[in-house]
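**Q** Given these sequences and hints, build the entire structure.
Read off the chains here:
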Amino acid sequence: MGESMESQESNARGGRLGRRLRIERLSSYWLGGAGYFAIGLFVLIVMSLVYQSLPLLSEYSVVQMLTSSNWDPAQNEFGFMPAIVGTIYVTALSMLMGTPIAILAAIYLAEYAEGRLKTLVSSFIDVLAAIPSVIFGLVALIVVVPFVGNYLAPAVGSSATGLGIFTVSLVMAIVVTPFMISLSVESLEALPDELRETSLGVGATKWETIKLVLLRAAGPGIFSAILLGFGRVFGATIVPAMLIGGQTHVPSSPFATGQTLPTLIVNDFGELMSLPLTQSALIFVGLMLVVVVWLFNFAAMLVRRRLQRRWQY
Amino acid sequence: MDRYTEQRLFGALARASAALVVAVMVLVVAVTIVRGGIVFLTDPAIAITPPGSRYMLEGDGGFLHAVLGSIFIVGPATVVSMILAVSTAIYLQSDYSSERFSEVVNMFLNVLWGTPPIVYGVFVLTVIIAIGARTSLFFGIVAIAIFQYPIMTRYTDEALRSAPDTVKEATYGLGATRFETALMTLRAALPGIIAGIIMGFARGVGDAATVLFTAGRSTNMPGGPFEPATTLPVLIFDQAMSFNAEVRSHAYAASFVLIIVVLGLIVVSKLLAGRYARYTPGGRHS
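For the protein sequence lines, the chains are A and B, in the order given.
So in numbering that gives the first Met the number 0, spot 21 of the first sequence is number 20, and the numbers just go up one at a time.
So in numbering that gives the first Met the number 0, spot 47 of the second sequence is number 46, and the numbers just go up one at a time.
Any given hint could turn out to be false.
[Unchecked claim] Examples of chain B residues toward chain A, derived with CB under 7 Å:
1. A13
2. R14
3. A207
4. A208
5. I235
6. F236
Since the hints were made in silico from the structure, they are not lab data.
Glycine included, C-beta positions come from ideal geometry on N, C-alpha and C.
**A** What follows is the structure in structure tokens.
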């Protein structure tokens with residue numbers, strides 16, 4: 000009698016253990032699958048973009064398309080030069096405006112700000128990073144566009160409506176700054192306090208400590224933040240589409256209208272469904288974006304790793 | 000320039016930069032709220048009025064179709080993305096994968112995280128072309144889910160990483176399986192995970208580039224999962240380009256609604272994170 004009770008109990012226990020192990024095995028399949036999902040998604044994106052670009056690539060040579068400045072999908076002319084120049088213009092200008100401010104603001108947040116003020120400023124920056132880009136575009140339409148069109152462009156002797164490369168760059172600098180700030184603050188705050196104490200202890204001023212010790216030690220992190228910022232501006236879609244003026248020519252001045260690679264996709268999307276070659280061309284633009292942005296990202300990762308080894312304390 | 004002047008100069012510059020960034024943020028939010036609030040509050044009904052037949056041309060009716068579209072697209076997308084993101088993060092953090100493999104996955108996740116949203120839009124578009132479908136609400140969900148996935152995984156991963164190791168050790172010590180341990184770690188990291196999911200939701204609500212090519216930019220009420228739809232950011236984008244002043248003013252009203260939702264989500268995310276922190280082992284009191 001007692002024996003059978005015991006065996007029942009051990010059966011029940013064995014059953015429960017079996018159930019736990021079954022759950023364990025099932026969950027390990029599911030979670031393993033989720034782990035592979037990231038890689039699978041990456042591969043799928045590349046393969047599908049490449050596959051759909053093939054019709055275009057089999058008809059035209061890549062070099063010719065990248066260097067031709069004649070973009071007219073209706074006539075089967077696919078020159079990406081204007082959009083490429085426009086993208087480089089916008090990226091370079093906005094990084095030029097955004098980077099110094101981002102680094103200085105990050106230094107302020109990590110090294111100068113204290114207590115309540117710090118919480119307040121950093122939550123302001125979090126909010127700025129979360130505002131949808133379409134809202135930046137809309138606000139820029141009533142604030143930045145008239146300012147550039149009526150004051151800034153005439154002041155440097157150029158006539159413009161206010162829509163154009165410079166406006167886009169300015170707004171993109173605003174969009175990308177909080178993103179670079181929070182990444183830079185992260186890497187500055189990760190530094191051990193001994194670094195600061197040692198440097199101050201041997202008589203350096205606070206700024207000398209920041210300039211010679213902290214920026215160097217946090218350098219890899221800050222550098223990869225900037226490269227990631229590059230990627231952000233490069234692939235920005237909505238703000239350029241709203242503010243660049245959408246004319247496909249090689250821009251003659253910073254205040255000229257133009258086109259970036261993403262806006263090319265947005266503006267010609269309407270015709271896309273009807274012409275297979277145009278469709279393929281716009282997907283090829285997507286492929287170019289992906290390749291360049293991923294190169295930036297991989298570069299950021301490599302540089303980070305390399306500099307971390309070289310610049311460590 | 001002696002070192003003290005330099006110190007003062009750069010200290011002032013750093014302060015000025017931070018002040019500039021904060022000022023820009025206040026400007027953007029204030030312009031949106033004031034300008035949009037004027038339009039919206041004079042006629043709040045436009046947010047719950049279906050669009051008229053010539054809405055994009057003449058601005059008759061309201062933009063309920065975009066409000067509903069946003070809910071029907073971003074809601075399911077967030078759920079799908081959350082399940083995938085939490086699973087991936089658990090896989091990376093717990094003892095299911097080798098360290099080297101999780102490094103590889105992390106690298107791909109970082110790259111996906113930095114990928115511009117328009118690429119996801121174009122990718123889903125290639126899928127639509129490949130299977131011969133047409134743009135619809137369903138593909139909007141797919142695109143937004145893919146867009147949110149790396150963002151949420153990153154937040155979840157960070158939250159799990161900051162959960163105290165003692166939770167894991169104690170659970171294993173009691174003879175728990177890996178899955179049970181993972182659940183306990185998940186619970187310890189819950190505030191961060193919830194905050195991350197809400198942030199992912201906010202990003203999804205605000206993104207236009209992914210939905211632009213995939214959901215169909217419809218100007219009618221969403222009819223079903225395989226009918227075209229639109230979301231608020233896409234609607235604002237289209238309205239802002241309109242030639243009709245009435246339609247353009249609706250763009251400000253719509254962006255008022257959008258920014259209130261996004262700001263609300265951020266506040267909720269921060270509050271929830273603080274509130275839950277009290278109930279979890281090792282959680283911060285904030």
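**Q** Next step is simple, just say for each hint if it's right about the structure.
**A** Results of checking the hints against the structure:
1. Because the beta carbon of A13(B) sits about 4 Å from the nearest beta carbon in chain A, less than 7 Å, this interface hint is met.
2. For R14(B), the suggested interface contact is upheld, since its CB lies about 6 Å from the closest CB of chain A, less than 7 Å.
3. With a least beta-carbon distance of about 5 Å to chain A, the hint placing A207(B) at the interface is held under the 7 Å criterion.
4. Evaluation of the A208(B) hint against chain A yields a held restraint, the C-beta minimum of about 4 Å falling below 7 Å.
5. Here the hint on I235(B) is kept, as its CB sits about 5 Å from the closest CB of chain A, short of 7 Å.
6. Given the 7 Å rule on beta carbons, the hint for F236(B) holds: about 5 Å separates it from the nearest Cβ of chain A.
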